[in-house]
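So the sequence lines, in the order shown, correspond to chains A and B.
Per my numbering, residue 1 is the first one in the first sequence, and the count goes up by one each step.
Per my numbering, residue 1 is the first one in the second sequence, and the count goes up by one each step.
Everything labelled a hint here was simulated from the structure, so no lab data went into it.
Taking lysine-lysine pairs in the DSSO-like style, the calculated list, with each CA pair at most 27 Å apart, reads:
1) A/Lys11 to B/Lys45
2) B/Lys105 to B/Lys45
3) B/Lys3 to B/Lys105
4) B/Lys3 to A/Lys62
5) B/Lys67 to B/Lys45
6) B/Lys57 to B/Lys67
7) B/Lys56 to B/Lys45
8) B/Lys3 to B/Lys67
9) A/Lys78 to B/Lys45
If you're wondering where the values come from, they're calculated on a predicted model, not measured in any experiment.
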Amino acid sequence: NAGVIQTPRHKVTGKGQEATLWCEPISGHSAVFWYRQTIVQGLEFLTYFRNQAPIDDSGMPKERFSAQMPNQSHSTLKIQSTQPQDSAVYLCASSRTSAETLYFGSGTRLTVL
Amino acid sequence: QQKVQQSPESLSVPEGGMASLNCTSSDRNFQYFWWYRQHSGEGPKALMSIFSDGDKKEGRFTAHLNKASLHVSLHIRDSQPSDSALYFCAAQGSNYQLIWGSGTKLIIKP
Chain A
1 NAGVIQTPRH
11 KVTGKGQEAT
21 LWCEPISGHS
31 AVFWYRQTIV
41 QGLEFLTYFR
51 NQAPIDDSGM
61 PKERFSAQMP
71 NQSHSTLKIQ
81 STQPQDSAVY
91 LCASSRTSAE
101 TLYFGSGTRL
111 TVL
Chain B
1 QQKVQQSPES
11 LSVPEGGMAS
21 LNCTSSDRNF
31 QYFWWYRQHS
41 GEGPKALMSI
51 FSDGDKKEGR
61 FTAHLNKASL
71 HVSLHIRDSQ
81 PSDSALYFCA
91 AQGSNYQLIW
101 GSGTKLIIKP
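Next comes chain A alone, as it looks inside the complex (with noise of 0.2 Å):
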């Protein structure tokens, strides 16, 4: 079991430039969630996804942020015309139910200059 798998590890992008984040939940598992890390803010709920069905996206900055899980295997965070504020860390988490131990992946550190 590889565990949570985020991709890629770092993203460096412009400012008003695009970013595409992946997350490879951990097989059998069927909640989704996006934090978001900051010093300042520390951990932030973004979204999440039961069975791949979105449930809650009220953690979600509106307009520029969206989420997809178009299989149980993988799940993306798209954020369109980044700005200097989106840089973040930003993590996938994955549990059997939504009830049990979340099981985060390594994350993906975005700047955004």
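Assemble chain B onto chain A, guided by the hints.
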């Protein structure tokens, strides 16, 4: 209003010593409490969960929950340099949402 508060923000403990981390919730709807640990460059990793009053021990780690005061603590005995990390407390109610504290940075000095 932050519903889960952790203290201290930073803690330095000599190797072999006891580290004590605290977490207080402001919401009585929380039923489960989790402790996660994050080493630099990695994602958080679950240490243990607790939902009953009293102590829960797993190896060198002991969690203590007092539901009346909404206080949960984590005690690490015989601290090792590898225990140096950022420790998060998270609270969970009846749904999927975890409410995270801001973390305690633990430094174990050799």
